[in-house]
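Given the coordinates of chain A, work out where chain B should sit on it, guided by the hints.
Chains A and B supply the protein sequences, listed in that same order.
Position one of the first sequence corresponds to residue 1 (the numbering used here), numbered consecutively onward.
Position one of the second sequence corresponds to residue 1001 (the numbering used here), numbered consecutively onward.
Hint data in this document are derived by calculation from the structure and do not stem from the laboratory.
Predicted, not measured: the structure shown is a model, and the values here were computed from it.
We treat Cβ as the ideally placed atom computed from N, Cα and C, and that holds for glycine.
Certain hints may be false.
[What the hints assert, rightly or not] Label pairs and their in silico Cβ distance ranges: (1) V1259/B x L124/A: 34 to 44 Å; (2) E128/A x P1235/B: 17 to 27 Å; (3) E1249/B x L124/A: 53 to 63 Å; (4) L120/A x A1026/B: 16 to 26 Å; (5) A164/A x D1118/B: 55 to 65 Å; (6) E128/A x G1151/B: 11 to 21 Å; (7) R1010/B x P97/A: 15 to 25 Å.
[Claimed, not checked] Quick look at which bits of chain B chain A covers, simulated, 3 or more residues with Cβ under 8 Å: (8) 1142-1149; (9) 1170-1181; (10) 1222-1231.
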Amino acid sequence: MFASSALVGRLALLGLLAVVLQVSAVSQLTIFDTNADVVPLVVAFVGLLSGSVTAAIFGFAAGLFIDTALVGTLGVSSLVYVAIGHGAGRLRELRDPQSSFVPLAVGAAASAGAAFGFALIQFLLGAEAAISFELIRQLVVATLVSTLLALPVYAGVRRALLPALPDDPRRRRRRAYTTGGLSPLSRR
Amino acid sequence: MHDKTIRRRRLVLLGLIVGSLLLLTASFGGSAGGLGAIQRGVSTVLSPIQEGASRALKPVRDGVGSVGDTFDAKRENKQLRTDLAEARRVKVDGNALQQENAELRRMLDMNERAQIQDMGLVPARVIGRSPNVINQVIKINQGSADGVKPGQPVVTGRGLVGTVDVVGLNFAVVKLLTDADFGAGAKVSEGGITGVVVPSAGAPRELRMEYTEATDDVRKNNTLVTSGTSDPKFPSPFPPDLPIGQVSEVEDPGSDTQVIRVRPFVDVRDLNFVEVITKLDPSRS
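This is chain A alone, in the form it adopts within the complex (with noise of 0.2 Å):
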């Protein structure tokens, strides 16, 4: 259930890369108005590679780790990172879906949660903004502009993660028919 040392390793150095470049670049590049977050991306496919309970700590860290970077309200990031890794997670452990549109529909909904959950938790913090038509646009271009990276973040994740990872069983038990002669099917 909990992560190797090398896995460890991997994500405090993937967890530390994503929000220096988030913070110090991608914030900066504005697109329709606003701009993408790769952190969700980042903590969801975490959770899609290595499980909910390994991707609910990593966006607890990432979350504290930005709010301290911006000096922002402790446990804000944290919380909403916490749901969409363990979110994300469990869909993995629970259905192990294969298609190819899996990182693009997990990367959409990460980021709708990202996008959605701070402004929820602002208003419920008391933030003086009211809710206006511009708002629930530009939430929801966010939400589009961040998914256009979904696919090459899952890429670079998935590169950085796949060798600390565990064995797939269904990897293990292709190769438990095709090597070695122990199948029925080499005897002959």
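Chain B only, in chain A's frame:
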């Protein structure tokens, strides 16, 4: 074994949620206190890394930004064509007064700039930005070591950007004028009508002027500037006459429910360098 795994997973999730809520409760309402000190300390260590990353990634930002600029250029082109037609009309009319007015305004702007120059301007580079739509902040590379303090106004050559919110040794977090919690006393430079400028959530290119009266005659293209301190009991953090924006639309003018929409002079989505006003002369504010 399976039950144990589920129990452990639920326990971890519960712990993380409770941890987040505890952190949120402890740090809500400001960055003072022990937790804030730790946060500022960590952020002080991180700032050089962010600054390095921000500088290193500038070419990438510029490259990607140029794609967005193409769309903006189209919109700007349309606007410029309209402006050109308007300018031609003015030229044909030979309205000498308008030109004289423009001349005087340019001179006035120069005077205003000269006054700001006496206020201990600290130039700073933008090294980070919040991805959040509602909580709009930037992080700059100057802090308490350079005389930056919370509450000080931040400007660019175009006008007001926001106020310093949190300060560390080598960094400061600036709350932008489009942040949901921002507000500034403002006046219409043509006529002196006063009100409060607040952000329009979800619209980074728009502000709203509130607390005006039905009898206040505010018109499209009027210029909004900071009002400065009007009552010494409640000193304003802003010096007077800092440009804020231009009135883009007045909905239901002359009514109690009139909504004054303002287009800020500063494009908060495109900030690389800003200046912090560190010496606010009370006799002038």
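Comparing the hints with the structure gives:
no.	hint	in the structure
1	V1259/B x L124/A: 34 to 44 Å	26 Å, violated
2	E128/A x P1235/B: 17 to 27 Å	22 Å, holds
3	E1249/B x L124/A: 53 to 63 Å	31 Å, violated
4	L120/A x A1026/B: 16 to 26 Å	20 Å, holds
5	A164/A x D1118/B: 55 to 65 Å	58 Å, holds
6	E128/A x G1151/B: 11 to 21 Å	18 Å, holds
7	R1010/B x P97/A: 15 to 25 Å	23 Å, holds
8	1142-1149	violated (count 0)
9	1170-1181	holds (count 3)
10	1222-1231	violated (count 0)
Checked against the numbered hints above, the structure breaks hints 1, 3, 8 and 10 and satisfies the rest.
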